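Undergrad: Residues per chain are reported as follows:
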Amino acid sequence: MYAFLIPLLKIVVVMAGLFGAVPVLVYFERRIAAFIQDRLGPNRVGPMGLFQPLADAIKMIFKEDIVPDHVDRVLYVLAPVLAFVPPALAFAVIPFGHPIRLLGDRIDLAIAPAGMGVLFLLAVGSTSVYGIAFGGWASNNKFSLLGGLRSSAQMISYEIPLVLALVAVLMTAGTLDLGRIVAQQAEFHLGILPAWNLFHQPIAFLIFFIAAFAETNRLPFDLPECEPELIGGYHTEYSSMKFAMFMMGEYVAMISMSALLVTFFLGGWSFPGIDPTSTALLSGIASVVAFAAKVAAVLFVFMWVRWTLPRFRYDQLMNLGWKVLIPLALLNIMATGVVGVA
Amino acid sequence: MDDLIFTAASIVCFLSALAVVTRKNPIYSAVSLILFFGGLAVIFLLLRAPFVAGMQLIVYGGAILVLFLFVIMLLNLREEELGKEKGGRFKAFAAVAAGALALLVIVPVMAAETARDGFGPLASLPDGFGSVDHLGLALFTQFALPFEVTSVLLLAAIVGSVMLSKKHV
Amino acid sequence: MVPSFWPILAYAGFLVGLGGAILLISHLLGPRRHQRAKHDTYECGVAPVGTARERFPVRFYLVAILFVLFDIETVFLVPWAVTYRRLGVPGLIEMFSFIAVLGIGLYYVWRRGALEWD
Numbered sequence: 005m006y007a008f009l010i011p012l013l014k015i016v017v018v019m020a021g022l023f024g025a026v027p028v029l030v031y032f033e034r035r036i037a038a039f040i041q042d043r044l045g046p047n048r049v050g051p052m053g054l055f056q057p058l059a060d061a062i063k064m065i066f067k068e069d070i071v072p073d074h075v076d077r078v079l080y081v082l083a084p085v086l087a088f089v090p091p092a093l094a095f096a097v098i099p100f101g102h103p104i105r106l107l108g109d110r111i112d113l114a115i116a117p118a119g120m121g122v123l124f125l126l127a128v129g130s131t132s133v134y135g136i137a138f139g140g141w142a143s144n145n146k147f148s149l150l151g152g153l154r155s156s157a158q159m160i161s162y163e164i165p166l167v168l169a170l171v172a173v174l175m176t177a178g179t180l181d182l183g184r185i186v187a188q189q190a191e192f193h194l195g196i197l198p199a200w201n202l203f204h205q206p207i208a209f210l211i212f213f214i215a216a217f218a219e220t221n222r223l224p225f226d227l228p229e230c231e232p233e234l235i236g237g238y239h240t241e242y243s244s245m246k247f248a249m250f251m252m253g254e255y256v257a258m259i260s261m262s263a264l265l266v267t268f269f270l271g272g273w274s275f276p277g278i279d280p281t282s283t284a285l286l287s288g289i290a291s292v293v294a295f296a297a298k299v300a301a302v303l304f305v306f307m308w309v310r311w312t313l314p315r316f317r318y319d320q321l322m323n324l325g326w327k328v329l330i331p332l333a334l335l336n337i338m339a340t341g342v343v344g345v346a
Numbered sequence: 214m215d216d217l218i219f220t221a222a223s224i225v226c227f228l229s230a231l232a233v234v235t236r237k238n239p240i241y242s243a244v245s246l247i248l249f250f251g252g253l254a255v256i257f258l259l260l261r262a263p264f265v266a267g268m269q270l271i272v273y274g275g276a277i278l279v280l281f282l283f284v285i286m287l288l289n290l291r292e293e294e295l296g297k298e299k300g301g302r303f304k305a306f307a308a309v310a311a312g313a314l315a316l317l318v319i320v321p322v323m324a325a326e327t328a329r330d331g332f333g334p335l336a337s338l339p340d341g342f343g344s345v346d347h348l349g350l351a352l353f354t355q356f357a358l359p360f361e362v363t364s365v366l367l368l369a370a371i372v373g374s375v376m377l378s379k380k381h382v
Numbered sequence: 014m015v016p017s018f019w020p021i022l023a024y025a026g027f028l029v030g031l032g033g034a035i036l037l038i039s040h041l042l043g044p045r046r047h048q049r050a051k052h053d054t055y056e057c058g059v060a061p062v063g064t065a066r067e068r069f070p071v072r073f074y075l076v077a078i079l080f081v082l083f084d085i086e087t088v089f090l091v092p093w094a095v096t097y098r099r100l101g102v103p104g105l106i107e108m109f110s111f112i113a114v115l116g117i118g119l120y121y122v123w124r125r126g127a128l129e130w131d
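Protein sequence lines correspond, in order, to chains A, B and C. Counting with the working numbering, you get residues 5 to 346 for the letters of the first sequence. Counting with the working numbering, you get residues 214 to 382 for the letters of the second sequence. Counting with the working numbering, you get residues 14 to 131 for the letters of the third sequence.
Extracted from the complex, chain A is given alone in its bound form (with noise of 0.2 Å):
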């Protein structure tokens, strides 16, 4: 029995800080714009307008779930759904803090701490172009199916390049274990430079980092959504929860890419004066809270570039992908390869 209540209670905490963290995301995203922008920002609803998500959630369930009549019903209530469940499922194996004891049983800070957690989150992502495919294409609109196609195409070619940094990653590392990979980072050089994998694979990081932003739709890369083109893009026929449902999408993605990043580059939870050996409730929480900040910091660099970039068109998009990241990755593959066989 106990042994079905920790993973479950493991569950429910990570579903709660992820879902509870998109509305803090949204209100911040605005804040932020406005800040960048030099104008106020949600502000009325509540003090410094922190209700304002609160009132949005409530005004989007309170709003007409329009199917439109020539939709195909069944994929288009299931493409939103598709759109924030294989984001959300990265979490499984992602270690939010190291592992503790409590009433003498080890506990790890993961839903399922899995030898090949790289593999399943090599699995989950290449399933998640599905929610926007089906989205484009079930919606029967023009704008939609190109947006979704442009989207579905897009996600797909940075794929590459982003798996490709990965593998640089698992060189360095030699284990498909992010908790040994996040362990392993948690030592330091000479006793002061953390050994993040930032330091060993900067090259790998810059395409990873990159290539995020491309997976996650966001600007510079947002061309599905590209509202002078498209309309809405992939959502355009979307309204009430369901649209709100593939917002959560594109935050719950941007929260899992961070925590990918923060993991495989950053140190995950490791922190300078958290010590990685011990199992104490205590330092198990201060390892979540540095993995929390970490995670913010990244979020935060997103909604950055987001209000400083223009977008990209098309064809410098795929140039990108194509032509400097897949190249520069496999190059960067064979370097850690020469010089770890060396």
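Careful, some of the hints might be misleading.
[Claimed, not checked] To be clear about the criterion: a stretch of chain C counts as covered by chain B if any three or more of its residues have a C-beta under 8 Å from a C-beta of chain B, and this derived list gives those stretches: (1) 34-48; (2) 83-96; (3) 117-127.
[As the list claims (entries may be wrong)] Distance condition first, Cα-Cα at most 30 Å in a straight line; then the derived DSS-like pairs of lysine-lysine: (4) A:K14 to A:K67; (5) A:K146 to C:K51; (6) B:K304 to B:K237; (7) A:K146 to A:K67; (8) C:K51 to A:K63; (9) C:K51 to A:K67; (10) B:K237 to A:K146.
The hints are simulated quantities; they were obtained by calculation from the structure and are not laboratory data. All of these numbers come straight from a predicted model, not from anything done at the bench. Note that CB positions come from ideal geometry on N, CA and C, so glycine has one too.
Fit chains B and C to the known structure of chain A by using the hints.
TA: The following block gives chains B and C in isolation, referenced to the frame of chain A:
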């Protein structure tokens, strides 16, 4: 518990495979195929072959199915272009062919199983069975040649796909 | 014996359940008034022109097939990445020639102009 998950996954596989061939709209066939690959991946997991399960989802569920979807969406056949249902004789022939294929799989499996005194799981698996380490070491030493030949095959596929599509670009 | 991956299945179940619950709630709480204009294809307020079931450029198809091929390459790289130190120089040569052959493929696609989007 393993049996329960196996049964559930098998039922999912069977029903979705049936749906792949019976749906008239090719998009639904593709959706059923995704479901089928998911069930198959679970079965591979139960067989202690996590790498194969991952492959199943990454290559088939992710890449090849996206290709199928693109082709379906690109062609965008309208209802009237889908053509009439094939006649009874065609269906009978297809059933016989599928049955023969199934026999080709079932007979050797049965033969191998009875040769190894009865059904059931292997008594013990070698240490590290199915792990990526094992697989990597075997693939790049024992099976180095097939691996290299694969690259040539992939190259041929790249050239072929460009040739096919460049005709009209 | 419960397989060790059951929490993943449970988590996936919870996520799908959450999605279903959200759909159900908005279906129950929202108003529903059918109007022909509202339920028509949205094209910025004007009457829709033609249909969305048109054919699309073959380039998207080409990107998808290239993705399949390079995805298979990355799949081979994963087991190599975790064992390459033990495989040593022979493993390095094997993988380099593998990457080189596919690199030739990428170069060919590039030179044939299949990666050009105008």
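Undergrad: Confirm or reject each hint.
TA: Against the structure, the hints:
1. 34-48: That given contact is violated, which follows from only 0 residues of the segment 34-48 of chain C lying within Cβ reach (below 8 Å) of chain B.
2. 83-96: Since three or more residues must qualify, the claim that chain B covers the segment 83-96 of chain C holds, with 10 doing so at under 8 Å.
3. 117-127: Since three or more residues must qualify, the claim that chain B covers the segment 117-127 of chain C holds, with 8 doing so at under 8 Å.
4. A:K14 to A:K67: With a Cα-Cα distance of about 33 Å, the restraint between A:K14 and A:K67 is violated, given a limit of 30 Å.
5. A:K146 to C:K51: Given pair A:K146, C:K51 holds - Cα atoms ~17 Å apart, limit 30 Å.
6. B:K304 to B:K237: holds (14 Å)
7. A:K146 to A:K67: Within the cut-off at roughly 25 Å; holds.
8. C:K51 to A:K63: Distance of about 19 Å is within 30 Å: holds.
9. C:K51 to A:K67: Given that 30 Å is the threshold and the Cα spacing comes to 14 Å, the pair holds.
10. B:K237 to A:K146: holds (23 Å)
Consistency with the previously given hints fails for numbers 1 and 4, ordered from lowest to highest.
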